[in-house]
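Asker: Sequences listed follow chains A and B, in order. Note that the numbering used here gives residue 505 to position 505 of the first sequence, counting from 1, and the numbers run on in steps of one. Note that the numbering used here gives residue 330 to position 330 of the second sequence, counting from 1, and the numbers run on in steps of one.
In case anyone wonders, no lab produced these hints; they're calculated from the structure. Among the hints, erroneous ones may be present.
[What the hints assert, rightly or not] A short, non-exhaustive set of chain A residues, derived as facing chain B with CB atoms under 8 Å: (1) Pro131; (2) Ser133; (3) Ser135; (4) Thr288; (5) Val377.
All values derive from a computational prediction rather than experimental measurement. The beta carbon of each residue, even a glycine, is placed where N, CA and C say it ideally should be.
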Amino acid sequence: MKMYRSLTPLNSPRAPLAAMLCVFGLAGGCVEDVPVASPRASIGFGDPTPTAGGLPRLTSAQYRNAITELFGPTVLVPTNLEPDLPAEGSVALGASTNAISPVGVERYEGAAYAIAEQVMAEGEVRGMLVPCSPSAPGDAVCATEVIRPLMRRAFRRAVTEDEVQSVVAVAVNASATLGDFYDGLEYGIAALLMSPDFLYRQALGDDAPNGGALSAFELASRLSFFLWDTVPDEALLTAAEEGRLSDGDLEGEVDRMLADPRVRQGMRAFVSDWLGLDRLSDLSKDPTIFRAASPELGPAAREETLRFFEHLFLTTEAPLAEMLTSRTTFVNRRLSAIYEIPAPTADGFGMVTLPESDERRGLLGQVSVLALHAHAVSTSPTLRGRFIRETLLCTSVPAPPVNVETSIPEPSTEARTLRERLASHRSVSFCASCHGLLDPIGLGLESYDGIGRHRTLDNDFPIDTTGDLDGRPYADMLELTEALSRHPNLRPCFVRRVFRYATGAAEDERDLAAIAALLSDFGASGDRYRALLRAIALSPAFHAARADASLEEMP
Amino acid sequence: MPRARIHRRTVLKGLLAGSVVSVALPGLDYFFDPPLTARADCAAFPKRFGIWYWGNGVLPDKFRPTGDGPTYTLSEQLMPLAPVRSKLSVISGTRILTPNTVPHGSGPSGLLAGGDMSSPDGNASSGTFPGPGIDQIIASTIGDETLFPSLEIGVQRSSQSVSFRGPNAMNPPETSPAALFTRLFGASFREPGTMTEPDPRLGLRQSVLDVVHQQAGSLTPRLGVADRIRMEAHLDGIRSIELRIARLQADPPSLAACMRPEMPLEAYPDIEGRPQMNLVSDVMADLLAMALACDQTRVFTVMYSQSVNNVLYGDHSAGHHQLTHDEPGEQPEVNDIVQTIMGSLNGFLSRMDEIVEGDGTLLDHSAVLCTTDVSLGRTHSLEDYPLMLAGSCCGAFRTGIHYQSPGAENACRLSLSILRAMGVLAPSFGQGPSFTTSGLSGVEV
Chain A
1 MKMYRSLTPL
11 NSPRAPLAAM
21 LCVFGLAGGC
31 VEDVPVASPR
41 ASIGFGDPTP
51 TAGGLPRLTS
61 AQYRNAITEL
71 FGPTVLVPTN
81 LEPDLPAEGS
91 VALGASTNAI
101 SPVGVERYEG
111 AAYAIAEQVM
121 AEGEVRGMLV
131 PCSPSAPGDA
141 VCATEVIRPL
151 MRRAFRRAVT
161 EDEVQSVVAV
171 AVNASATLGD
181 FYDGLEYGIA
191 ALLMSPDFLY
201 RQALGDDAPN
211 GGALSAFELA
221 SRLSFFLWDT
231 VPDEALLTAA
241 EEGRLSDGDL
251 EGEVDRMLAD
261 PRVRQGMRAF
271 VSDWLGLDRL
281 SDLSKDPTIF
291 RAASPELGPA
301 AREETLRFFE
311 HLFLTTEAPL
321 AEMLTSRTTF
331 VNRRLSAIYE
341 IPAPTADGFG
351 MVTLPESDER
361 RGLLGQVSVL
371 ALHAHAVSTS
381 PTLRGRFIRE
391 TLLCTSVPAP
401 PVNVETSIPE
411 PSTEARTLRE
421 RLASHRSVSF
431 CASCHGLLDP
441 IGLGLESYDG
451 IGRHRTLDND
461 FPIDTTGDLD
471 GRPYADMLEL
481 TEALSRHPNL
491 RPCFVRRVFR
501 YATGAAEDER
511 DLAAIAALLS
521 DFGASGDRYR
531 ALLRAIALSP
541 AFHAARADAS
551 LEEMP
Chain B
1 MPRARIHRRT
11 VLKGLLAGSV
21 VSVALPGLDY
31 FFDPPLTARA
41 DCAAFPKRFG
51 IWYWGNGVLP
61 DKFRPTGDGP
71 TYTLSEQLMP
81 LAPVRSKLSV
91 ISGTRILTPN
101 TVPHGSGPSG
111 LLAGGDMSSP
121 DGNASSGTFP
131 GPGIDQIIAS
141 TIGDETLFPS
151 LEIGVQRSSQ
161 SVSFRGPNAM
171 NPPETSPAAL
181 FTRLFGASFR
191 EPGTMTEPDP
201 RLGLRQSVLD
211 VVHQQAGSLT
221 PRLGVADRIR
231 MEAHLDGIRS
241 IELRIARLQA
251 DPPSLAACMR
261 PEMPLEAYPD
271 IEGRPQMNLV
281 SDVMADLLAM
291 ALACDQTRVF
301 TVMYSQSVNN
311 VLYGDHSAGH
321 HQLTHDEPGE
331 QPEVNDIVQT
341 IMGSLNGFLS
351 RMDEIVEGDG
361 TLLDHSAVLC
371 TTDVSLGRTH
381 SLEDYPLMLA
391 GSCCGAFRTG
401 IHYQSPGAEN
411 ACRLSLSILR
421 AMGVLAPSFG
431 QGPSFTTSGL
441 SGVEV
């Protein structure tokens, strides 16, 4: 079969045409609908197979969230778990694609014992977990009463008595060796936390590895990680166990989950992944150039964007396009200084409405986006343009080609501003075929410096922010965000991004019909996020396991 | 001497490609043969292999030495390496023959794994090698001899690495000196000569791992090929812990140079947005050199800086990667940064050379491949690839020379030479245009 790296172009009349002119780069190129050669055709031990999304490993956030669900919020989780490596810019995809390193496994072992020790220390958590009084260090009956319910929650499924007893045996043996019931139970709990059944989310289907329908427990798990970014609660597990996850029952369960406060946690995980906000935790900015830059700026900017989407998506349930045009945001003192507005509260974050007279609007006006897609010492119209093209409009642009002269002139009387210095990107046709897609959009944001402060001059000369987005001219950020908010790719692209996040697999031709249906549901809801989550959760595509793609390539 | 077949795990990973069996196996059909002809002064000491890697390339015209053989003149960019000049060979004029499709990714992938990087979005940061790199091929033959099969360390704070066990199986580097110290020299470290007390907890840890194997065993049959390989990788990690548990029950190796190093600081914060690269590099060098001297590992990768990194150095006007592209003319700032990096490399190699082992030093018993992601950063070229090999690996390699490749030789020849010097009986290395059956004889003894 032919494998498609990405879907056929979205229904924009202009963007794909422009992209088609962008001719160099990878095999497969920047043109979105070029079929990618199957791995077998390539040389050597070649290209990795695309993931089926059937066995994602917990992200570090999901691991933490799961521990909180199992043992309560007082348990500290070590912070040095294996880093979440993205694939195609998405941690959700990376979780299904990447193999863990030996060091990562070692860290899971360390975390398991660190957590087990805390929960078995005398106190409230232990009291909650241990419903019985051990009659002896090796009391297997009491150990079973602890392990059985915990195993079910941790593994997100019904567990057999054999499975339970294999872990109880470890605990009882350890209790006998160490002469203490609770010390021994630590080993049983560690065994649960190191198990692949805890660390990996199974979405293998009833005909694994050929796919098929997800089992009820697999569906429950997919739902809870999608909507809540954590393990199912007892009610959801029970619904799965009793066969109440189809038709009307399912709708009821999904609606319950969407009304649960944990949906905020799920939304934050999606937005973080979609916009790459985790990279803000270690933002490199030169404080001698940007005096408001500091190690705290990136994390604050991340929190602003997360609160903004929480407000937009969940509190006010605004249509998607408002993410670009909204004047509302959430700032602390540090951010309010960058936005040149009064701080709404002395400590922490508060909601503010940016003045009507200010052209700063929505996501593109936030420090997170402006600082992430810029250099350490300057802006970068190219990187900002690429973010908008790739992340918001799903137009892929290839990496720059090799053996090309890339230096740009120093500021001079001929080339005063960055726009003028980057002129060759747009005038030399070879460069313009790709940069023409990127730079003009980014130049529309030039009135914001590399950390998002407003400015009117670049190198002491006035900034020109005029441009054209696929046929819609704009004079400044205000008009650029307007144009972008009406771009025909914006909504379909968003639907694809949420769908990809939900399934943990790169969408392909098999998903076209499902995505088209979701887009229609999304539109019918007035482009509401919660409605999109609901539509995905109820979509047949979400309920199916995908066959391992490597099987289809087997001779 | 009997040949030991390479671990099943490496071969299995070769299957991941989808380019199943027929093509996959030959390139991975390595055997391990403990060398019969090791030099006398080296017999008592293990051989080590490491990669010392930095991002964003060099300025080839200022990097390439003049003259060749032992009488060559160090170039401007290599001048900081003068103190270790006699212990390293500079190799110029070779090429990465793998197609240059992923800027900053195809170079290291072509050199270390012998085939092109695969990256769906064209970015090196989300790309993968097509198979194991030479460090992991070596680790899978000798890694079981030590507490850690290999160590991956980063000086720049980043999760990226050029150490791959197979496709989509990267080894992220440890970038915290304090965490590295705890792992290597924390509570479980025992200095040579210490008697091992029996610890019942080690056996209990093992009983937990037994259950994990059982659980994985019932899951695996339901997995497709790609996920089965991922689960196998997880179990590799479990087996690695098991070997360590077994080793902790034995007495530590008796090695004169081994001692617990000084504990590093908890953190090395940036100063004015500038990471303390040289200082962190020195601290990491101390820890790693001692881990090697204590025979805790024999294989390592130091990610000094990652591909496409934008680290701010000194008083430079922009981040490293941005400068390589935007700085006009002769690029004096880039030139200075490359020399700063070579200064850190000198510190690292000097530290290894200070540790005395028998008649030689730790560095003499090692091969350290020092390389980067491109040749000229500005154009992402792979011609005249920057390569240095430090340490003679117990007399396997010539040192103190500039080897100028006469005809743009395949850079993978060096990779093959290294595999063989480390005792991996590899009939060939590399795929497609990078395929070679010959080592780089110009640097071999």
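Asker: Report the numbers of all earlier hints that the structure fails to satisfy, in ascending order.
Answerer: 1, 2 and 3
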